[in-house]
Amino acid sequence: MTTPRARVAAIQMVSAPEVQTNLAAAGRLVAEAARQGAQLVALPEYFCILGRHETDKVRVAETDAAEPGGGGPIQAFLAETALRNKVWIVGGTLPLVSNTPERVRSACLLFDSAGQRVARYDKVHLFSFRQGVENYDETRTMEPGAGPVVVESPFGRLGLSVCYDVRFPELYRTGFNSRTESRLFQPSSPIDMWFVPSAFTSTTGAAHWEILLRARAIENLCYVVAPAQGGTHPNGRRTHGHTMIVGPWGEVLAEQAEGEAVVIADIDHARIKEVRGSLPALDNRRIQ
1 MTTPRARVAA
11 IQMVSAPEVQ
21 TNLAAAGRLV
31 AEAARQGAQL
41 VALPEYFCIL
51 GRHETDKVRV
61 AETDAAEPGG
71 GGPIQAFLAE
81 TALRNKVWIV
91 GGTLPLVSNT
101 PERVRSACLL
111 FDSAGQRVAR
121 YDKVHLFSFR
131 QGVENYDETR
141 TMEPGAGPVV
151 VESPFGRLGL
161 SVCYDVRFPE
171 LYRTGFNSRT
181 ESRLFQPSSP
191 IDMWFVPSAF
201 TSTTGAAHWE
211 ILLRARAIEN
221 LCYVVAPAQG
231 GTHPNGRRTH
241 GHTMIVGPWG
251 EVLAEQAEGE
261 AVVIADIDHA
271 RIKEVRGSLP
281 ALDNRRIQ
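With my numbering applied, the sequence shown corresponds to residues 1 to 288, in that order.
Keep in mind that the hints were calculated from the coordinates and are not lab data.
Fair warning: there could be bad hints in the mix.
Using C-beta positions, here's what the derived DEER-type ranges look like [unchecked claim]:
(1) Arg140 - Asp266: 39 to 47 Å
(2) Pro280 - Phe129: 33 to 41 Å
(3) Arg59 - Gln131: 25 to 33 Å
Ideal Cβ positions, reconstructed from N, Cα and C, are used throughout, including at glycine.
Using the sequences and the accompanying hints, generate a full structural model.
This is the structure in structure tokens:
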């Protein structure tokens with residue numbers, strides 16, 4: 001049964017190269033979100049490591065805890081933190097081993113309030129950007145995932161995506177018919193809440209971040225929850241921040257520009273129903 005209203009928290013961080021430092025910060029922020037009544041908490045991309053070198057995430061990559069003999073401290077942290085705080089956690093991204101030794105999968109893991117893993121989504125679209133001294137190419141150290149993941153939860157139908165994915169609106173529509181790991185929903189059902197844990201660069205974020213998030217909410221008449229990295233990191237990288245939660249009419253419900261923060265908003269399924277009833281754009285689609 002879907003809860004009519006739910007409180008959701010998007011966590012903003014300024015992650016460092018040291019995993020344990022980041023886990024301590026994430027644990028403190030999740031606990032604060034739970035204290036404020038959040039039932040579902042989302043961490044940003046690379047919450048556990050923003051290394052000094054691209055290969056640092058490969059060095060700390062974990063085997064999948066769902067596989068025999070798999071696991072590691074980051075996955076254990078997410079499970080224990082969800083259980084301790086009695087919240088569902090969208091685990092931003094963490095590096096899991098891939099099919100090639102020099103690359104990782106950037107995995108977004110969803111845990112329920114009992115500390116059980118519900119779903120895994122591997123980032124599909126790998127970021128590439130060149131402008132002046134800025135040069136990013138995630139294909140050097142990452143392997144792409146296979147497709148979207150949508151999960152049935154007490155808070156409605158949740159869609160998992162990551163950062164650069166937000167530039168590809170077809171992913172947010174093909175989610176209507178996606179594979180899922182568990183808690184399956186009926187095909188062609190729209191998603192109530194999309195998650196976009198991110199580490200947008202300062203350059204691209206200033207130009208496109210808010211526009212893209214609001215567009216995905218408007219197109220799908222759903223909530224969009226976008227926890228972000230926000231500030232200047234020890235490795236010298238500057239991320240855009242502006243963690244935000246967007247409503248199904250495209251309105252920004254809550255936002256934090258920079259620095260560590262807990263961004264809170266209430267998700268109201270009556271509001272989703274109202275918006276979809278007054279503007280039946282999902283029913284009016286002709287191109288599938």
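Going down the list of hints, with the structure as the test:
1. Between Arg140 and Asp266 the beta carbons are some 41 Å apart, a value that agrees with the proposed interval 39 to 47 Å.
2. Checking the proposed 33 to 41 Å range against Pro280 and Phe129 shows it holds: the Cβ atoms sit about 37 Å from each other.
3. Our hint of 25 to 33 Å for Arg59 and Gln131 holds, since their Cβ atoms are close to 28 Å apart.
In this structure, none of the earlier numbered hints is contradicted; all agree with it.
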